[in-house]
Amino acid sequence: DTGVSQDPRHKITKRGQNVTFRCDPISEHNRLYWYRQTLGQGPEFLTYFQNEAQLEKSRLLSDRFSAERPKGSFSTLEIQRTEQGDSAMYLCASSPSTGWEAFFGQGTRLTVV
Amino acid sequence: AQSVAQPEDQVNVAEGNPLTVKCTYSVSGNPYLFWYVQYPNRGLQFLLKYITGDNLVKGSYGFEAEFNKSQTSFHLKKPSALVSDSALYFCAVRGFSGGYNKLIFGAGTRLAVHP
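As they're listed, the protein sequences go chains A and B.
Using the working numbering, read the first sequence as starting at 1 and increasing by one per residue.
Using the working numbering, read the second sequence as starting at 1 and increasing by one per residue.
Rather than coming from a laboratory, the hints here were simulated on the basis of the structure.
A quick note: this is a predicted structure, and the numbers were derived from the prediction, not measured.
Some hints could be false.
[As the list claims (entries may be wrong)] Coverage of chain A stretches by chain B, computed from C-beta distances (three or more under 8 Å per stretch; other residues unrestricted):
no., region
1, 36-48
2, 100-111
[As the list claims (entries may be wrong)] Across the chosen pairs, the derived CB separations fall in these ranges:
no., chain 1, residue 1, chain 2, residue 2, range
3, A, Arg81, B, Ser84, 36 to 46 Å
4, A, Gly72, B, Asn55, 30 to 40 Å
5, B, Ile51, A, Asn51, 17 to 27 Å
6, A, Gln80, B, Asp54, 40 to 50 Å
7, B, Thr72, A, Gly40, 18 to 28 Å
[Said to hold, decoys possible] In silico contact screen, one side only, chain B against chain A (beta carbon under 8 Å); selected entries:
no., residue
8, Tyr32
9, Phe34
10, Arg42
11, Gly43
12, Leu44
13, Lys49
14, Ile51
15, Phe90
16, Arg94
17, Lys102
18, Leu103
19, Phe105
20, Gly106
21, Gly108
Heads up, the beta-carbon is just placed ideally off N, CA and C, and yes, glycines get one too.
So here's chain A without its partners, still in its complex pose (with noise of 0.2 Å):
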């Protein structure tokens, strides 16, 4: 399988409790963004890398979450002491520099108790 690919798909948790999602985009894309979604929404921004920079924060990524992509391959998502408004579809996506399209993941859905 050569797509977006994210781990885990689901996750529970409970509050205050840390998380990481893992998203590894398809290997040529030097493009990797990270969206959120909740129930009856359309995916809503969340940051952007171009190789390993990490080039544009949304205001929706509060000081709770952090997100890194090392060398340009594979990204990480964390977030800290987890709030039940943080429950949500945590999507990743990809796309190569010459193109436009996005491709996303299966997505991780987190459910903070």
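Since chain A is already given, all that's left is putting chain B on it; use the hints.
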């Protein structure tokens, strides 16, 4: 600021009938427009895009979309709906801010195709 509006929360259509899912956009400059489909508990799948050229764009699974600059619309269409087309459809526009690009999505339209 760039934005996308999908005025219908849900569209119901009988199998075999034509379907239209509406999208209007607001951008400064030339619009780059996209349609994605989402099945339950899945990520988004790319259907089609308009960058430039013909106003009628053909995409995956028999879908097409018509770009109308004067009406700032990019409606998704299919001549004959299938039950398997039932899903959540998102229109998106590529926005540029701070020199960087990202997709800005509408709220989505649920398509229900009835046998």
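Status of each hint after checking the structure:
1. 36-48: holds (count 7)
2. 100-111: Our answer is that it holds, as 9 residues pass the Cβ test (under 8 Å) against chain B, meeting three.
3. A:Arg81 with B:Ser84: 36 to 46 Å: holds (42 Å)
4. A:Gly72 with B:Asn55: 30 to 40 Å: Holds - the Cβ-Cβ distance for Gly72 of chain A and Asn55 of chain B, about 37 Å, lies within 30 to 40 Å.
5. B:Ile51 with A:Asn51: 17 to 27 Å: holds (23 Å)
6. A:Gln80 with B:Asp54: 40 to 50 Å: holds (48 Å)
7. B:Thr72 with A:Gly40: 18 to 28 Å: Taking Cβ atoms as reference, Thr72 of chain B and Gly40 of chain A lie about 25 Å apart, which means the hint holds.
8. Tyr32: Nearest chain A Cβ about 6 Å off; hint holds.
9. Phe34: For Phe34 of chain B, the interface hint holds, since the closest Cβ of chain A sits about 6 Å away, which is under 8 Å.
10. Arg42: holds (6 Å)
11. Gly43: holds (4 Å)
12. Leu44: holds (4 Å)
13. Lys49: holds (5 Å)
14. Ile51: holds (6 Å)
15. Phe90: Holds. Min distance 5 Å.
16. Arg94: holds (6 Å)
17. Lys102: For Lys102 of chain B, the interface hint holds, since the closest Cβ of chain A sits about 5 Å away, which is under 8 Å.
18. Leu103: Status holds, d = 6 Å.
19. Phe105: Check passed: Cβ of Phe105 of chain B comes within 4 Å of chain A, closer than 8 Å.
20. Gly106: holds (5 Å)
21. Gly108: holds (5 Å)
Hint violations for this structure: none, all hints satisfied.
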